[in-house]
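Here the protein sequences line up with chains A and B, keeping their order. Residue numbers for the first sequence follow this note's numbering, beginning at 7 and rising by one. Residue numbers for the second sequence follow this note's numbering, beginning at 45 and rising by one.
None of these hints come from the bench; they were simulated from the model. Think of the CB as a built atom: it goes at the ideal place given N, C-alpha and C, for glycine as much as any other residue. Some hints could be false.
[What the hints assert, rightly or not] Pairs of lysine to any residue residues, derived as SDA-like cross-links and limited to a Cα-Cα distance of at most 20 Å, are as follows:
#1 A:Lys-144 x B:Gly-203
#2 A:Lys-531 x A:Gly-413
#3 A:Lys-144 x B:Ala-211
#4 A:Lys-336 x A:Gln-420
#5 A:Lys-144 x B:Ile-172
#6 A:Lys-144 x B:Leu-280
#7 A:Lys-110 x A:Asp-501
#8 A:Lys-531 x A:Arg-412
#9 A:Lys-144 x B:Arg-160
#10 A:Lys-144 x B:Thr-122
#11 A:Lys-252 x A:Ala-280
#12 A:Lys-174 x B:Gln-127
#13 A:Lys-144 x B:Arg-133
#14 A:Lys-144 x B:Phe-146
#15 A:Lys-144 x B:Arg-129
[What the hints assert, rightly or not] Ranges of calculated distance between the beta carbons of each label pair, as one might list FRET restraints:
#16 B:Leu-106 x A:Lys-392: 37 to 45 Å
#17 B:Leu-106 x A:Lys-395: 31 to 39 Å
#18 B:Leu-108 x A:Ala-421: 29 to 37 Å
#19 A:Arg-291 x B:Leu-363: 31 to 39 Å
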Amino acid sequence: MRLARPVRPLLLAMATAAALTLTACGSDSGSGSGAGAKPGTPRTGGTVTYALDVEPTCFDLQVNPQGITGDIERGVVDSLVTIDAKGAFHPWLATSWQIAPDLKSYTFKLRDGVRFTDGTPFDAAAVKANFDRIADPKTKSQYAATLLGPYAGTSVVDPHTVTVSFSKPFAPFLQGASTPSLGFYSPKSLTQGPDALCAGGSSIIGTGPFVFSSYTKGQSVTLARNPSYAWAPQGSAHTGPAYLDKVVFRFLTEDPVRAGAVTSGQVDVATSIAPSDARTVQADRNLRIQKVEDAGGSYSIFLNTTRGALTDVRVRKAVQLGTNVDQIVKTVYFGQYQRSWSPLTPSTPSYDPTLRDSLRFDPTAAGKLLDEAGWTGRDAQGYRTKDGKRLAIDWPWNPPHTREQRGVVGQAIQADLKKIGVDVRHPALDIGAYVALAGTGQYDFYDFSWTRFDPDILRGFFNSASLPSTGGQNAANLRDPKVDEWTDAGAATLDRAKRDALYAQVQHQVVLTDAAVLPVYVPTKLVAISTHVAGLTVDPNGKPLLYGAWRS
Amino acid sequence: MTSAAAPAVGEVPPDGPEWPGEPASRGRLAGPARTIGVVLARRVAAAAAVMLGAATTAFVALHLLPGDPVAIILGPSTMASPQVRAQIRTDLGLDAPIVVQFLRYLGRLLQGDLGRSYQLQQPVSALIGDQLAPTVQLALAAIAVAVVLAVVSAVATAGQRPALRAAASLWELVTVSTPPFWLGILLLTALSFRLHVFPVAGAGGFGALVLPALTLGLPVAGILGQVLREGLETALEAPFVTTARARGLSQTAVRARHALRHAAVPLVTLSGWLAGTLLGGAVIVEKVFARPGIGALTLQAVGSRDMPVVMGVVLLSALVFVLLSTVVDLLYLLIDPRLRSDRGAR
């Protein structure tokens, strides 16, 4: 057994806190100082009203896959470990842990004296009850179960020691264990049945600094301070209970309404400000904008390598070179979002910065590649043809599941590719027709982004064991033995240098050699925060940390 | 009979078959209680038929749309494993043939069970029960806004100087033509974000109801105002108005007491119909103002094709339309005594 020694000294803890604050304000210099850097001593008391753009359909973190559920409940449940911006793990509910050399089992020493807010002690049995429930197919977990991967079971060694086992080496586990999705509900609340947990409110019982006190459908969620909280994650700026008495999350799904509510002072924080409203918010002296760049998968277009003209790698490369991504991202997002060069975003561990500038807009080169591929003819509308067939690309989309003006990005790409003679058909479909096409691979382009602070998502995106026909995410239908080998090897090691090398190879291979993906932009949350609110930070998993926030 | 009243009476037949005449012709020696009982029974049976038809149509329509229900429930970007998919399919009974699914649904419906939401995991009856009050509140407030504005504007301007009429017509035209979504954002920007008169959203208190009720009620007020003014003007030209004036009644009394009554029948017909359509308007208003309610629930359910909730809302709106048409029929009798005597005469 290898001992992963948790870093303990206070100095390191401070460094972690500083790092967290830095991530919180993102890489943009225009956003001003980080929230935690505000001068003044924290004050106890007060309420913060936080406007969200999405209302969860279900509050059960173990079942519901929506990221917003984790945003709301990050303050309600605690996790075994916490992760810093560099991807290192630190103690939280687990004081130390040992990882078997084959990465098939993880043994955690649990912190003593932790209690759920219903009075139940947090112990090894609670860990087992939660993980077993997530892995049980009857729970129908749509996301948390994937974080447990090849879960084999949890065994209680003694009340404060627990071993989690997997049937295959599973390196991404600790990252998963740091997210709210693998946070802990009171074993008592787990027996209430799935409806009670889904309905939110007081049936959601965790060990966190806040208690889920009420939910009004269509309106708001209220969290109240847990006065007996004394087990903050290592690296927090303070210990003991949270400063705020209450946090009220309000659901304002319309962008202009959210922006109006925060500029008129009716809410203190508003997430997901539309880039078009960013300037108005920035001009307001009572507000500042925190830019949070998601870790995980960039918003990318995956090029189906097994259908029609795109089976030819030259056509895929032509698509990459013929799209003026720089211009599109700058125009559509008012210069607020970064264009992306890799299927991973820059804040994800093992992101490869050397891909920068690797795909320069070059319509001439794109045209040449299409000529080489035999698409030399032209039809009446000016589109390229080969053997009398037009060079057409199908890119279905579903407006209700499309965020952030991606429809406009689609139109711009369509216009760019038209100039090199490619006909992109971009029909808006209802959800039923859309999933019917997606499930059977009847598309040439497929676009999405994905939030997770772990490069292992590349295995889901490009490993041939993850084809859409088997319910996977490999939308490009890529079957590259090298990519399979590297992504499998990455999931089987915790050695940071090895992972960096492996994932750099994967990123180069899928972008440049296979041309299976066209990265577009780095998904970014613009959070407007009132100057009355200080200490609000965001963890590397992208979840807001209200524990350290106070009203100044 | 005046020429003005004739078209108004013509408005009655919408509910034709069940009501006029028939009970009396069958009632022989029966007392009024028996007649009312028969009428009620027919009404209930008709309502049940309407609701069954609505449920069947909705069920068939939703199943004719393409796509695997489980894939739709999970949404386009999902990591759910095949086991999870299979479990969902079994739990929701989606593995049975559609006819069996429909019969099961009807069976549960007869026991008063509307089923459980696929997405929200809650009983549909509880969801609708919780969300109904804010929507009813909003709809009533909007109808009140619409009727008051329409009546005031029509009574004040009917038959008056052309400039006044033109101004009234213009504002009616503007409210009818403005998309409610935009109207809502405009009202919010002006009265909430700039002037801080009303809160942005929520269901708490009277203040939060004003802007949504205006957004929903203004376009309806526009339509009602136009119809009412036309009716009023026709009525004001009728001979009975001259008679009333000759009896020494003031201009205002003639308008409010006599002419308005004549013009009110089409107003009631339209209000009934418009009140039914307010559910559709509530979808937009509840979204813009972040209010809870049936509209917000419907939007969420339709977007994710949450069958039991969609069916529940369809049944609810069918019920609302049936109830409204009954209320409208009763109001006709209240407004127009001739209809009452007509029935007695047959």
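Discussion item. Which constraints among the numbered hints does this structure fail? Numbers only, ascending.
Written reply: 1, 3, 5, 6, 11, 14, 19
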